[in-house]
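**Student:** Top to bottom, those sequences are chains R and B. Here my numbering is used: the first residue of the first sequence is 1, the next is one more, and so on. Here my numbering is used: the first residue of the second sequence is 1, the next is one more, and so on.
Quick caveat, the hints were computed from the structure, so don't treat them as lab data. You may find that some hints are simply not true.
[To be verified] Output of the computed footprint for chain R on chain B, the stretches with three or more beta carbons under 8 angstroms from beta carbons of chain R:
| id | stretch |
| --- | --- |
| 1 | 70-78 |
| 2 | 169-182 |
[As the list claims (entries may be wrong)] Anything over 12 angstroms on all C-beta distances counts as not near chain R; from chain B, calculated:
| id | residue |
| --- | --- |
| 3 | Pro-25 |
| 4 | Leu-92 |
| 5 | Val-99 |
| 6 | Pro-112 |
| 7 | Gly-159 |
| 8 | Ala-212 |
| 9 | Val-243 |
[Unchecked claim] Beta-carbon label-pair distances, calculated as ranges:
| id | chain 1 | residue 1 | chain 2 | residue 2 | range |
| --- | --- | --- | --- | --- | --- |
| 10 | B | Thr-28 | R | Gly-162 | 53 to 59 angstroms |
| 11 | R | Ile-209 | B | Leu-251 | 53 to 59 angstroms |
| 12 | R | Arg-151 | B | Leu-251 | 30 to 36 angstroms |
| 13 | R | Ile-209 | B | Glu-253 | 19 to 25 angstroms |
| 14 | B | Trp-176 | R | Pro-132 | 18 to 24 angstroms |
| 15 | R | Ala-92 | B | Trp-258 | 52 to 58 angstroms |
| 16 | R | Lys-133 | B | Gln-63 | 27 to 33 angstroms |
Glycine is no exception: its CB is placed at the ideal position from the N, C-alpha and C atoms.
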Amino acid sequence: MTPSLLRPDQPLRLVDTYPPSAAARQAIIRVEDLSIVFDAPSGQVIAVDRVSLAVAQGEFVSIVGPSGCGKSTLLNAMAGLERPFEGQVLMAGEAMRAPRPEIGMVFQQPHLFPWKSVRRNIAHGPRALGKPKAEALRIADGLIEMIGLTRFASAYPHTLSGGMQQRVAIARALANQPSVLLMDEPFGALDAQTRAVMQDNLLELRERINATIVFVTHDIDEAILLSDRVLIMSAGPGRILKDLQVSLPRPRSSAIVAEAAYLALKRDCLDLIRSEGRRAFEQMEIKT
Amino acid sequence: MSIGGRSSATATARLSVVVAALSVPAFTGVWELVARSGIVNTVLFPPPSTVAVAVLEWIRSGQFFADLMASLARVAAGFAIGAAGGIVLGILTGRFRLVSSLLSPLFHILRPIPPIAFVPIVILWFGLSETGKLFLVVWGVFFTVWLATHIGVQKVDRGLIRAAQMLGTPQPQMLWEIVLLGALPYITVGLRTAVSISFYTLVAAELAGAFAGIVYRIEIAQQNMQTGQVMGGLAALGLLSFVADRSFAILAERAVWWR
Ligand SMILES: Nc1ncnc2c1ncn2[C@@H]1O[C@H](COP(=O)(O)OP(=O)(O)OP(=O)(O)O)[C@@H](O)[C@H]1O
Ligand SMILES: [Mg+2]
Numbered sequence: 001m002t003p004s005l006l007r008p009d010q011p012l013r014l015v016d017t018y019p020p021s022a023a024a025r026q027a028i029i030r031v032e033d034l035s036i037v038f039d040a041p042s043g044q045v046i047a048v049d050r051v052s053l054a055v056a057q058g059e060f061v062s063i064v065g066p067s068g069c070g071k072s073t074l075l076n077a078m079a080g081l082e083r084p085f086e087g088q089v090l091m092a093g094e095a096m097r098a099p100r101p102e103i104g105m106v107f108q109q110p111h112l113f114p115w116k117s118v119r120r121n122i123a124h125g126p127r128a129l130g131k132p133k134a135e136a137l138r139i140a141d142g143l144i145e146m147i148g149l150t151r152f153a154s155a156y157p158h159t160l161s162g163g164m165q166q167r168v169a170i171a172r173a174l175a176n177q178p179s180v181l182l183m184d185e186p187f188g189a190l191d192a193q194t195r196a197v198m199q200d201n202l203l204e205l206r207e208r209i210n211a212t213i214v215f216v217t218h219d220i221d222e223a224i225l226l227s228d229r230v231l232i233m234s235a236g237p238g239r240i241l242k243d244l245q246v247s248l249p250r251p252r253s254s255a256i257v258a259e260a261a262y263l264a265l266k267r268d269c270l271d272l273i274r275s276e277g278r279r280a281f282e283q284m285e286i287k288t
Numbered sequence: 001m002s003i004g005g006r007s008s009a010t011a012t013a014r015l016s017v018v019v020a021a022l023s024v025p026a027f028t029g030v031w032e033l034v035a036r037s038g039i040v041n042t043v044l045f046p047p048p049s050t051v052a053v054a055v056l057e058w059i060r061s062g063q064f065f066a067d068l069m070a071s072l073a074r075v076a077a078g079f080a081i082g083a084a085g086g087i088v089l090g091i092l093t094g095r096f097r098l099v100s101s102l103l104s105p106l107f108h109i110l111r112p113i114p115p116i117a118f119v120p121i122v123i124l125w126f127g128l129s130e131t132g133k134l135f136l137v138v139w140g141v142f143f144t145v146w147l148a149t150h151i152g153v154q155k156v157d158r159g160l161i162r163a164a165q166m167l168g169t170p171q172p173q174m175l176w177e178i179v180l181l182g183a184l185p186y187i188t189v190g191l192r193t194a195v196s197i198s199f200y201t202l203v204a205a206e207l208a209g210a211f212a213g214i215v216y217r218i219e220i221a222q223q224n225m226q227t228g229q230v231m232g233g234l235a236a237l238g239l240l241s242f243v244a245d246r247s248f249a250i251l252a253e254r255a256v257w258w259r
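I would like the entire structure built from these sequences, with the hints used as guidance.
**Tutor:** This is the structure:
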């Protein structure tokens, strides 16, 4: 069975930034008409359906959407870990065919190397890129201090809590000083308190490292708090429904959740998601 | 649970330690009594004391040490070569589809043939040389380790491999660090099975014709009707294989150091 990717009955939905706007013209990430299809036992699954988007240099973009809508798949494609079925991903104008070290990734699970201590996990990237051991360890030590785990530098991952592991995963991704950082629900498994601290840390970090960040979450508050733009995805197959500009002033902190501009944005998002959720639910009912 | 119940539980635990310590001496004692009682033919079924005398004589003559070394050398060399080959090819077939398509069907056909069945052809190929014996042990060890590694490599957490890819890990480091260590828990299980297999194949190799070795000594003793020596040889082989298995188990636990 071939997937009906080109359904003439459905108009192709284009997001605001495609065709490119002024900001998107200097886009560092450009996703063009990307579709990703998986072979599952029950037939082929369209995980990402003709998605186009552009992210400008230094921008912080969040992707929000219901579970299973293809957020991880889209991010993996940007990382060069997933092959496009159609379309392409351009990083700095070059098509992504394989992972590149200048693109960092924090996965939904920490995926730390269980046989390496915290220090060596973080030093792995610089070592892999051929940096001398002493330098790699110096980079690791700096990052360990930043994530506040100095006491655990020589601990093995399984002795750390989930939140600590995720902090190590972030530090490991930063060790190669990536110009693009892809983050897949990095705080999804954390409790509310740790999560708030991590969000503030990320805001602070962003001011410092000047990386382009694409951040997947299904927490709208988190998305608005952190981002310059929020992309809302439809329930599977994943397409981009809406591209919302977040023009709240920076630097921000978690205190903005009480501001009127914030609340208006959040209401917009929730309305969209609610109607989308209802549509997806009805679709499911028809299918079953 | 009442205090009385607990103390009876400790009493049972203590008793079972005592029983365990007495198990082998008691068994040996019964054997000695039965053998001396005249119910059985002591030539075919000698008492433990006769076996002990034979073993002492074996050791004093200096032959024991030579036999032990000959057998150990065969097992150790065969194990090392077979295991190294199994791990290397297991990583390649487990990681690369094309290598697997090339080799896996062949390996799956050869693997179920008991290594002992190769004795006749090995004698034709290598005569009674050490090479032939090495070949048999290597053959037995290789397929077990290969299969365990192959399966282990396929079970390596995909997330770890992706994380390593994102960090720019070059292909050789990917294979010999991420994939090898990721599969290590499976590989050690395969290696431990291979330890006992290497002793099985040693028996076949030495029975096929040798000039020294523990199994060779057992065979010679059998031809001379020295049943005490035969049993002493069996005991030595059992002890050797037991020690090898235990020390490997300890080693394997240390190998997966991050657990
Ligand atoms: N390796 C795979 N093989 C088959 N189907 C897959 C595979 N990976 C993802 N899918 C399917 O693709 C769709 C999108 O999955 P994806 O993991 O991208 O969702 P997600 O938006 O990240 O969900 P969540 O918020 O729960 O993490 C799902 O229907 C999923 O079943
Ligand atoms: Mg996901």
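**Student:** Within 30 to 36 angstroms or not, the Cβ separation of R:Arg-151 and B:Leu-251?
**Tutor:** holds, 32 angstroms
**Student:** Given as covered by chain R, does the stretch 169-182 of chain B meet the bar of three residues or more with CB within less than 8 angstroms?
**Tutor:** Holds: 5 residues of the stretch 169-182 of chain B have a Cβ under 8 angstroms from chain R.
**Student:** According to the definition I'm using, a residue is off the interface if its beta carbon is farther than 12 angstroms from all beta carbons of the partner; does B:Val-99 meet that for chain R?
**Tutor:** Non-interface label stands for B:Val-99: nearest chain R Cβ at 20 angstroms, farther than 12 angstroms.
**Student:** Measuring Cβ to Cβ, find out whether B:Gly-159 lies farther than 12 angstroms from everything in chain R.
**Tutor:** With a cut-off of 12 angstroms, B:Gly-159 comes too close to chain R, as the shortest Cβ separation is near 4 angstroms.
**Student:** Is 53 to 59 angstroms a correct range for the gap between the Cβ atoms of R:Ile-209 and B:Leu-251?
**Tutor:** violated, 45 angstroms
**Student:** For the hint 27 to 33 angstroms, verify it against the beta carbon of R:Lys-133 and that of B:Gln-63.
**Tutor:** violated, 52 angstroms
**Student:** Does B:Pro-25 really sit off the interface, with its C-beta more than 12 angstroms from all C-beta atoms of chain R?
**Tutor:** holds, 44 angstroms
**Student:** Please test the hint of 53 to 59 angstroms on the beta carbon pair from B:Thr-28 and R:Gly-162.
**Tutor:** Taking Cβ atoms as reference, B:Thr-28 and R:Gly-162 lie about 56 angstroms apart, which means the hint holds.
**Student:** Starting from the hint 19 to 25 angstroms, judge whether the C-beta atoms of R:Ile-209 and B:Glu-253 obey it.
**Tutor:** violated, 42 angstroms
**Student:** Regarding R:Ala-92 and B:Trp-258, is the given constraint of 52 to 58 angstroms on their beta-carbon distance met?
**Tutor:** For B:Trp-258 against R:Ala-92, whose Cβ atoms are near 37 angstroms apart, the range 52 to 58 angstroms is violated.
**Student:** Do B:Trp-176 and R:Pro-132 keep their Cβ atoms within the hinted range of 18 to 24 angstroms?
**Tutor:** Between B:Trp-176 and R:Pro-132, where Cβ atoms are some 20 angstroms apart, the hint holds.
**Student:** Once the closest CB in chain R is found, is it more than 12 angstroms from B:Leu-92?
**Tutor:** holds, 20 angstroms
In this structure, the hints that do not hold are numbers 1, 7, 11, 13, 15 and 16, in rising order.
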